[in-house]
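Student: Going line by line, the protein sequences match chains A and B.
Under the working numbering, residues 1 to 273 are what the first sequence spells out, in order.
Under the working numbering, residues 1 to 308 are what the second sequence spells out, in order.
Treat each hint with caution, since some may be false.
As the list claims (entries may be wrong) - The calculated BS3-like cross-link candidates involving lysine-lysine, where the alpha carbons are at most 27 angstroms apart (straight line), are:
id: 1; chain 1: B; residue 1: 39; chain 2: B; residue 2: 88
id: 2; chain 1: B; residue 1: 88; chain 2: B; residue 2: 200
id: 3; chain 1: A; residue 1: 256; chain 2: B; residue 2: 200
id: 4; chain 1: B; residue 1: 200; chain 2: B; residue 2: 120
id: 5; chain 1: B; residue 1: 120; chain 2: A; residue 2: 256
Quick caveat, the hints were computed from the structure, so don't treat them as lab data.
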Amino acid sequence: MRQGPSWFNVTSLVLGFSFLYLPIVLLVIYSFNDSRLVTVWGGFSTRWYGTLLGNQQLLDAAWVTVRVAFASATIATVLGTLAALVLVRSGRFAGRSLFSGMVYAPLVMPEVILGLSLLLLFVAIDQARGFWTIMIAHTTFAMCYVAVVVQSRLAGFDRSLEEAAQDLGCPPARTFLSITLPIILPGVVAGWMLAFTLSLDDLVIASFTTGPEATTLPMKIYSQVRLGVTPEINAICTILVGVVTVVVVFTSLLTKRREVRRAQDMRQAEAQA
Amino acid sequence: MPEQVSTRPRRSLGGWLLIAVPYAWLLFFFLAPFFIVFKISLSEIAVAIPPYMPTFDPADGWNGLVELVGGLSFDNYVWLTQDDLYWKSYISSVSIAAISTLITLLVGFPIAYGMARAPKEWRTTLLMLVILPFWTSFLIRVYAWIGILKNEGLLNQFLLWLGLIDQPLTILNTNLAVYIGIVYSYLPFLVLPLYANLEKLDTSLLEAAADLGCPPWRSFWTITVPLAIPGVIAGCFLVFIPAVGEFVIPDLLGGSETLMIGKTLWMEFFTNRDWPVSSAVAVILLLILVVPIVLFQNQQQKAAERGL
Chain A
1 MRQGPSWFNV TSLVLGFSFL YLPIVLLVIY SFNDSRLVTV WGGFSTRWYG TLLGNQQLLD
61 AAWVTVRVAF ASATIATVLG TLAALVLVRS GRFAGRSLFS GMVYAPLVMP EVILGLSLLL
121 LFVAIDQARG FWTIMIAHTT FAMCYVAVVV QSRLAGFDRS LEEAAQDLGC PPARTFLSIT
181 LPIILPGVVA GWMLAFTLSL DDLVIASFTT GPEATTLPMK IYSQVRLGVT PEINAICTIL
241 VGVVTVVVVF TSLLTKRREV RRAQDMRQAE AQA
Chain B
1 MPEQVSTRPR RSLGGWLLIA VPYAWLLFFF LAPFFIVFKI SLSEIAVAIP PYMPTFDPAD
61 GWNGLVELVG GLSFDNYVWL TQDDLYWKSY ISSVSIAAIS TLITLLVGFP IAYGMARAPK
121 EWRTTLLMLV ILPFWTSFLI RVYAWIGILK NEGLLNQFLL WLGLIDQPLT ILNTNLAVYI
181 GIVYSYLPFL VLPLYANLEK LDTSLLEAAA DLGCPPWRSF WTITVPLAIP GVIAGCFLVF
241 IPAVGEFVIP DLLGGSETLM IGKTLWMEFF TNRDWPVSSA VAVILLLILV VPIVLFQNQQ
301 QKAAERGL
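Chain B extracted, bound-state conformation (with noise of 0.2 angstroms):
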């Protein structure tokens, strides 16, 4: 295998063959998928098995396409537009995972710093420390913050304790919850590739403008912050995307009134049985997240070509 990246390189059929493994499971398993997504979501729900209507039977071949095609419907879509629980939910997600991403970011830009000028000694075990989390389950760590924010829990034994609060505070089901356990969870998201980038960091810039008279917390906004925004745009993707989504924290830490679209499409499909219209709701939270998914990846693809 020749390093040529002008041309395109001769391949042999083992060549081609690492390439066909791997694109082919990818091409089936995650992309076929969204298009049958995109299918049912133009169906009309039946009490059948499979519960949509109407299916497709390759052996009925171009007589079954055409009634295929002649039985989709935006009805789903339309339905979506009409209740306000949609796109109410779409809005309040959108603006939880903002916030939590802003909380995110200034909570682990401390932590990705300090990381970055601690001793060369310790920065392994560091970011071992920060990895290890996020190996442990997410279910288990969202649990652990029930047992902590409940009226009679941790938090709240504590501060009455204190004799900071004589009324316990009722943190647990609602949005305040939702905040802490989307960035408790996604915390090492965004450290990791923070560090990484701080780590980089050239420090004789900021001793030569220190040389030159520059007070540090100068320095830091003119010289810290601007070189480490491709690792501040890359973790603040990590956590925004995926949060917007988010099931398990909003459905166990969130209340009645936290109204998140990973939650409404899981009732409609696992309560409701609604299979085309969590299909149609599938389909609309792919558009919205289209965009920073495709900036996430161009960003990564860029970082994977300097070597990062």
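In isolation and in its complexed conformation, chain A is listed as follows (with noise of 0.2 angstroms):
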């Protein structure tokens, strides 16, 4: 069984990623294509680049995107930690399988039921809409994806050391956050880091929940794909897909050494113990 990878097994992982990876890779090739012709190679340019500094539509469209998902994404990530908090640690409570329901639904729920039934809320309760909805409506679905990340980082969690804590007298406050929060970090953190992309990525729901002035970037990339492949839609993917790659790399790389260092601790605390 030891005999390393089968040819089999290596053949799969190969056509698996080529299929994962090449469709973005061509799309950040042609991003540098001299030509307004997307698929007729006319020689390497970043031109492209210049021409989407200059318009100020788009970038207005990003900075609304960028304020929206930092801010979903943050409380987002208190009230979906609280909601794993809940789901592992509150035992039972009435209503507890409607809340788990509640985590669990968005998930998985069509973006375009999730946009509409918050649209008519928002109706119904007569907010206007803009920035404020479609942060709210990012909030809501997003804080389901960091319950879920943060969930499973507190159900291998050992509650010895909280319970230590408690006994030697540090108030519940206290306890979460020097003790239970350190360890869970990597998860909430990551959680944030989805919570950005999602709302970064999101057409469906900013669409419905959005007013007149709140244009969003995914907004206007769709208005633009809809009318055909342009070299400047390359270059803004390519960019966001830059933006995300460099992020993610560096959290997870982050996150591996802090788990690295904190395993070094662990045995040198057993050794010396």
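Assembling the complex is the task here: the two chains are given apart, and the hints tell you how they should meet.
Tutor: Below you can see the structure in the form of structure tokens.
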């Protein structure tokens, strides 16, 4: 059994990852295409990136998107972490199954339904639509993703540290901040990042819940894509892919280093004990 | 917070507050809107803002409520059964989603299996490589396929260059393009839970089978596959349920003959501005998905309890 990877496994991995990455790689390559015809190679050029910087509407949309994503990811992380604590720690309470249902359902709920239902809520309570309504909508579905990510972190958690702190008279809030939070932090950070990129990405829910003055980047990209494939869109997409890749790789390396260090600390502590 | 499962733990004020905050948010912004959707699906379209009748003004009190209930009608639902666009959209959405889920499983299983059997030091990197496209924009990944699948696109250029075809193939704006789009976009959702399951698989079982003379293909079908079933189920739900209501993929990659309910709902709402009918479309879609969603939730809860 231990004779290393078989040719079948290697082939399926190579084919699988080519399938996942080839479209993105081609998109990036063709953003540097000098020709206006996206699929005909006309030499290397960065001129489409130049035209992006002159497009004020696009920059405005990007700024709205980043602000929405930042605010909604932050609130969603707080609410999602609380929801995870409730799911893992609160034991039984009236309405628990409704609660866990409401946490898991948005993960699979079609976006058109989420978008439509939230819009109708905002209309019913007479809330002017724009930045705030998109932010609330994004917070609502992103907090469920955060809850699932943090929950899996909490599930494999050694409660004895917390119990020890409380036995020594540490108040619950302080126990949470100085013991629980540092241990679940990688999950919380990953949850924030996931919430941020989900918001950055979303077209459907934002289209339903926005008002006249708030246009997000995906909405802008979508309306241009409908008119046809252009090298400018390839350039925006390349920038977005680049930002996300750098952030994700960076955080995961950071978390991994922390984990390695923690494991070393634990081993040392055990060796001394 | 003592660990008690069988009895209700005594809860401090803070403990209740911890439950109340996320609970209230989800009740108000996730559950309550569904009742509003249901109510509006029973209203009539009106040239007004908001564009439906009757509306409910809490200031009208009991009389307002009576008037509201009196004004509700099932006309929109009757309309949905009469115009065959709607039920054709539902059927075609479910069948496109089901076929795509099956293809995703066939593509995703070998990838997850290969990852789980890869040397340990590769696994984190491979996992990262599966997650990375999942973080990059859905819209961008769908858009990337337009340039590939177009008549004068990269795939046709490549096949013409190879000499495999002498006429460009029409793939974009057909259902085939929608299948490709769904499989591509949702592949990580299937690979991740499946990998988590396959990785935990105790290889000593396979070794024991091999020692007893069981050929690898047989131990694959009698040991690996049955033990991977929870991962397969979770992954398939994660692909199937959102795919039924998918809008971006059929809109950008599909053609005029591609009927999907997410697209129909979008058109009804944004082009026809018929809020009551789009609400009725959403209610029926929800009814179709309620069984798979509940099954998915139970599965997730069980997985969470097992500590997966």
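Student: Are the hints correct? Go through all of them and say.
Tutor: Hints and how they fare:
no.	hint	verdict
1	39/B x 88/B	25 angstroms, holds
2	88/B x 200/B	42 angstroms, violated
3	256/A x 200/B	21 angstroms, holds
4	200/B x 120/B	12 angstroms, holds
5	120/B x 256/A	15 angstroms, holds
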